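Enquirer: This is what each chain is made of:
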Amino acid sequence: MMWLSRNLNWLFAVVAAVLILAMPDIAGNEYALRFYTLMLIYTILALGLNVLVGYTGLVSLGQAGLYAIGAYTAAILATRLGFGFVPCLILGMVFAGSFGILLAYPTVRVRGVYLAVVTIAFGIIVENIAIEWDSLTGSWVGISNVPKPTLLGLPLNHKMYFYIVGGCALAAFAVNVNIMNSRFGRAMLATSQSEIAAASLGINVTALRTLAFVLSAVTAGAAGVLYVFLNKYISPDIFSFSDSIRFLLMVILGGAGTTLGPVVGAGALSYLPELLQQFGEWQRFVYGALLAIVMFVLPRGIVGSAADILHRFFPAARRETDGDKRPLGEIVSIGPAGGEVCLEAKDLSLHFGGLAALNNVNAQLSSGEIHGLIGPNGAGKSTLLNAVSGIYRVNSGRVFFLGVDTTDMRSHQLARRGLARTFQNTELFQEMTVLDNVWAGFHSDYRTGLFGAILRLPSYRKEEEKHRRAALDLLNFVGLTDYAYEKAKSLPFGFQRKLEIARALAVRPKLLLLDEPAAGLTQSEIDDLRDLIIQLSDHGITIVVVEHHMELVMAISSQMTVLDYGEVIAKGTAAEVQEDPKVIEAYFGSPEMLAPPPEERLDDAEREP
Amino acid sequence: MSSVVQYLLAGLGIGGIYALVALGFHIMWSSAKAVNFAHGDTLMLGAVLTIVFLDFGLPMSVAIALAIGVSVIFGVVLERVAIRPFAAQARSIGWMLTTIAIGIMLESYATISFGAFARPLPSPLAEKPVIILGAGVFPQELLIPLAAVAIVGLLYFFQRRTQLGRAMRAVAFNREAAGIVGINVTRIAMISFALASALGGLSGILVAPVIQASATMGLLLGIKGFAVAIIGGITSAPGVVIAGLLYGVIEKFVDGYISTAAREAVGFSIVILVLMIWPQGLFGRKEIVKV
Amino acid sequence: MNERAQPLLEVNNLCVSYGQVEAVRDVSLKVMQGEFVSIIGNNGSGKTSTLKAIAGVVKPSGGSIRIQGAEAQGLAAHRVVGMGVSLIPEGRQIFSDQTVDDNLMLGAYSRRRRDLDSFDDDFQKILQLFPVLAERRRQIAGSLSGGEQQMLALARGLLSRPKLLMIDEMSLGLAPRVLETLFPVLERLNREGLAILLVEQLATMALKVAHRGYVFENSRITISGSASELAGNKQVIEAYFGRRTN
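Here the protein sequences come in this chain order: F, D and Y. Sequential numbering from 1 applies to the first sequence in the working numbering. Sequential numbering from 1 applies to the second sequence in the working numbering. Sequential numbering from 1 applies to the third sequence in the working numbering.
Since the hints were derived computationally from the structure, they do not count as laboratory data. No experiment lies behind these values; they were computed from the predicted model shown. Be aware that a few hints might be false.
Each computed DSSO-like pair below joins lysine-lysine, with the alpha-carbon atoms no more than 30 Å apart [to be verified]:
id	chain 1	residue 1	chain 2	residue 2
1	F	487	D	33
2	F	325	F	489
3	D	33	F	489
4	F	466	F	487
5	F	462	F	325
6	Y	234	Y	30
7	Y	163	Y	59
8	Y	30	Y	125
9	Y	163	Y	30
10	Y	208	F	582
11	Y	234	Y	125
12	Y	59	D	33
13	F	571	F	582
14	Y	30	Y	59
15	Y	59	F	582
16	F	148	F	159
17	F	466	F	325
18	Y	163	Y	208
19	F	582	F	346
20	F	489	Y	30
21	F	571	Y	234
22	Y	30	F	487
23	F	489	F	466
24	Y	125	Y	163
Turn these sequences into a full structure, and let the hints steer you where they fit.
Expert: Structure, rendered in structure tokens:
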């Protein structure tokens with residue numbers, strides 16, 4: 001069972017390869033073979049779309065547009081310029097891919113349903129151009145007389161062409177699996193689950209989204225080219241908005257984010273109309289009804305929900321979890337931070353609307369210290385952390401990290417310089433395993449790129465293994481080894497906090513910002529946390545702790561800063577701020593709390609009804 | 001001069017429909033943070049049912065009332081079965097698939113029972129064009145934008161003068177706080193879908209005399225209404241109506257001065273451009289990320 | 001305290017968790033008719049979650065909540081309002097895109113039609129209680145100052161005619177000068193018979209106006225007693241600042 005679940009993808013690929021080889025004989029006639037070729041073409045398209053929708057969490061309702069760009073490129077090149085099959089395929093992919101870059105650009109600013117509308121608009125624009133640019137596309141008549149595909153000068157018969165499409169589908173599947181199981185797949189999943197946390201690990205979210213768009217566009221383009229040489233004829237009505245919807249349905253119905261989902265979804269939605277022909281005019285009605293029913297019964301898609309059910313009966317296979325059990329200093333090799341001042345905030349101000357969340361905040365952090373940042377609710381502590389870690393833009397003032405002005409840097413740039421953080425409400429990648437959470441933290445540490453990952457080059461495998469072991473070592477360091485293959489969301493909360501710290505350590509921080517690390521923990525967990533923070537400090541990491549649990553923060557902080565109403569009201573050692581009347585007042589409302597109860601208040605007991 | 005007036009009036013006519021559809025998307029989004037992809041089919045339902053009821057020999061007013069009534073029931077049922085089960089999960093796009101599926105079912109059922117051909121909805125206002133400043137338009141086309149503006153006005157009034165209206169705004173603004181003051185949030189969602197579907201059905205009836213009614217008439221109107229709602233800023237009712245009217249006018253001017261062919265390409269390019277500059281739409285509310 | 005009297009609010013062994021986080025553990029508390037009770041403690045100690053569970057904003061994971069003897073745990077928020085318990089939430093949560101008047105009208109949303117007759121009287125009373133609001137009735141609520149927004153939130157909650165008013169972090173973000181005008185209002189409402197459950201970080205102020213108090217620490221109640229017992233109690237200070245380090 002263990003072996004099976006680990007190698008399910010490759011087992012499937014082998015079975016699929018055999019099936020593809022045998023299919024021309026099974027199919028028997030040309031019509032059936034043509035149908036299976038088409039099914040494989042949709043599979044290719046769905047696999048590419050899955051990278052975008054399933055891994056990266058971006059919904060595209062305009063995939064038919066990219067499919068059309070590939071198809072028209074090939075049809076025009078083949079009929080007008082006499083290009084052969086292979087050059088058409090390559091140019092179709094390149095051309096569609098460049099539109100992918102164009103389409104990715106809005107994601108920098110546009111999100112959610114707004115982005116969905118951008119993709120809808122894109123698809124409709126392409127369809128409209130295909131209809132109206134008569135001289136190039138032949139409008140409604142379309143382009144016919146596409147020559148038979150040839151390979152190395154040899155004409156391809158239906159069977160050979162089926163094998164070529166089958167080979168492309170297997171390749172697309174392999175690319176899908178390899179990306180999923182690489183740093184890119186992990187980073188994409190991470191981005192879709194928490195963009196802010198992904199950026200705080202040094203992942204360039206924009207670059208990654210662009211990559212996802214390009215990959216999905218290239219595969220859609222390839223599918224378009226393959227379709228042209230299958231059908232020999234194209235017209236605009238096969239690239240409509242409804243087709244975009246159908247492609248998206250393939251991914252969601254099969255199970256977005258799973259490797260087998262798009263294959264199953266494409267197969268099901270290609271086959272379904274055939275199956276439903278017996279319903280005659282009710283065919284589309286039944287089709288809609290089936291979609292709705294599947295979504296109710298299997299909300300995560302066929303493969304996604306099936307995997308959930310399987311997982312319930314066969315819990316995560318335990319794999320090797322030992323790593324090398326190296327001490328922390330060796331895993332992340334944190335050198336001494338350069339310079340005396342680690343972080344400096346100068347006159348920081350930040351407004352939300354008319355509300356001043358930070359007002360001329362000045363704070364300084366020496367290298368190697370544990371610095372407590374406290375203040376009553378709403379004092380601006382988290383805002384200050386967000387401002388120095390590149391999540392918020394300040395209205396005025398400067399931030400210097402290790403002597404460099406970092407005020408205008410973005411989160412992932414700061415992370416790469418050695419600033420790591422955790423979040424008030426933990427921003428873990430909930431659907432990923434504990435190991436993958438930490439592993440994703442090493443993303444910007446890799447030297448090998450996308451092609452190494454797709455082709456599984458030895459250099460890439462070596463690097464994967466190195467970082468996997470380092471991630472396991474970090475888990476060992478915080479005591480989560482036993483949970484390496486559990487989903488992060490299934491961990492008890494105390495462990496989730498620890499996991500978030502382990503993940504932050506993967507960026508080899510010189511400065512670690514902890515936002516309320518003790519919130520939600522039990523007393524014994526807080527004791528563990530204290531030991532952990534002290535250990536990290538002993539390794540030379542400078543630490544800022546925002547915390548309401550005063551016993552903890554007072555015990556570990558060498559220096560403290562107290563904020564109230566967005567201003568610094570006190571600085572000093574724990575003992576100093578504890579005695580500071582301004583601090584007492586900020587917390588209790590007035591300094592009277594320190595005085596014995598006044599005589600008259602004793603009457604109050606009588607006021608009780 | 002007369003052609004400018006012509007395009008303007010015709011543009012306001014079709015723009016009024018976009019505005020009404022977009023208004024429906026706005027109302028549903030406000031209450032449930034979900035997009036009903038079958039909303040275009042609600043238009044079709046209104047138009048097609050009116051014709052069917054007229055075929056039965058019912059008077060126009062009764063036919064219209066019944067058609068809108070059925071549209072409302074459709075909206076309420078859709079919210080219950082296709083939206084509410086998925087509203088609990090924050091990142092779920094399950095509603096996307098379920099509403100699409102229900103739209104497919106409705107459209108195919110209409111094709112079967114109504115037929116695959118387009119039929120005009122007779123309207124006394126779409127028989128003879130009137131001449132305004134040298135431009136000939138059907139009174140129906142003038143009626144649509146007026147109806148759109150009137151409905152926004154009524155909605156504005158309703159949301160400020162009635163408890164139900166205030167409650168709808170409250171739910172849109174902050175669901176949790178709405179519950180705290182005693183508002184039944186799920187009931188408001190149901191009412192919102194009923195209202196949006198009534199508007200959808202009405203828009204279908206208003207537009208059918210101009211563009212004819214068919215089982216597939218809802219698709220493009222639905223997409224454009226959604227796109228308009230988004231570029232107007234789906235959180236703002238006046239925003240989506242202004243965007244709808246503008247979009248219609250721009251379309252007609254592209255039709256007239258560039259070519260009919262370029263209409264969708266230019267229109268949707270504007271949609272993308274607007275979103276690049278205003279990621280939350282023209283009048284939308286920006287949200288601050290909290291971590 | 002009268003043993004036979006039925007508590008207005010009775011909470012037993014309440015637990016609240018968010019996913020894996022236990023925000024409230026085994027909390028039991030009571031509020032009698034006409035009583036003023038304060039809950040104090042540092043941030044993140046479970047005070048807000050307790051109020052939210054009572055108000056039906058979050059579902060408790062265990063324990064029971066009774067309002068005048070009737071079971072109320074797990075009810076939707078609007079049902080709890082109907083039972084006479086109103087929450088003034090942390091951060092006010094007024095409807096800042098609507099006018100002051102609209103906000104006040106929404107406060108009366110849960111009333112039955114027949115109760116609406118008395119609404120005008122209540123409305124006038126509220127405006128007397130908060131004269132600032134009377135001057136700003138047509139203004140958009142979002143344009144009010146922090147203190148005025150808190151008054152609006154209080155007024156909105158009062159218009160549902162609660163028997164128990166729960167107030168979460170009234171002082172949040174408000175200057176001490178503003179608080180000096182708000183606390184007397186609470187005392188006055190309480191004298192007129194309204195029971196109040198106040199969650200407040202500013203312990204001195206909260207204990208000055210209350211009869212009894214509970215101290216929250218790490219998701220549970222660690223100390224409870226009369227307000228005078230708690231005021232100046234060294235343990236209370238430790239609940240906020242931890243054991244002394246020097």
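Enquirer: A separate judgement is required for each hint: does it hold in the structure or not?
Expert: Do the hints match the structure? See the list:
1. F:487 with D:33: holds (28 Å)
2. F:325 with F:489: Holds - the C-alpha atoms of residue 489 (chain F) and residue 325 (chain F) are around 25 Å apart, at most 30 Å.
3. D:33 with F:489: Roughly 25 Å between the alpha carbons, so the hint for residue 33 (chain D) and residue 489 (chain F) holds.
4. F:466 with F:487: holds (22 Å)
5. F:462 with F:325: Satisfied, since the Cα-Cα distance of roughly 18 Å is no more than 30 Å.
6. Y:234 with Y:30: With a Cα-Cα distance of about 24 Å, the restraint between residue 234 (chain Y) and residue 30 (chain Y) holds, given a limit of 30 Å.
7. Y:163 with Y:59: It holds: about 22 Å lies between the C-alpha atoms, which stays within 30 Å.
8. Y:30 with Y:125: holds (29 Å)
9. Y:163 with Y:30: The hint holds at about 14 Å.
10. Y:208 with F:582: Judged against 30 Å, a Cα distance of about 20 Å means the pair holds.
11. Y:234 with Y:125: violated (41 Å)
12. Y:59 with D:33: holds (22 Å)
13. F:571 with F:582: holds (11 Å)
14. Y:30 with Y:59: holds (19 Å)
15. Y:59 with F:582: Since the Cα atoms of residue 59 (chain Y) and residue 582 (chain F) sit roughly 38 Å apart, the hinted pair is violated (cutoff 30 Å).
16. F:148 with F:159: It holds: about 13 Å lies between the C-alpha atoms, which stays within 30 Å.
17. F:466 with F:325: The given pair, whose Cα atoms are some 13 Å apart, holds under the 30 Å limit.
18. Y:163 with Y:208: holds (22 Å)
19. F:582 with F:346: It holds: about 22 Å lies between the C-alpha atoms, which stays within 30 Å.
20. F:489 with Y:30: Cα-Cα ~35 Å, so violated.
21. F:571 with Y:234: Distance of about 24 Å is within 30 Å: holds.
22. Y:30 with F:487: violated (40 Å)
23. F:489 with F:466: With a Cα-Cα distance of about 26 Å, the restraint between residue 489 (chain F) and residue 466 (chain F) holds, given a limit of 30 Å.
24. Y:125 with Y:163: The given pair, whose Cα atoms are some 16 Å apart, holds under the 30 Å limit.
Taken one by one, the earlier hints fail for this structure at numbers 11, 15, 20 and 22, listed in ascending order.
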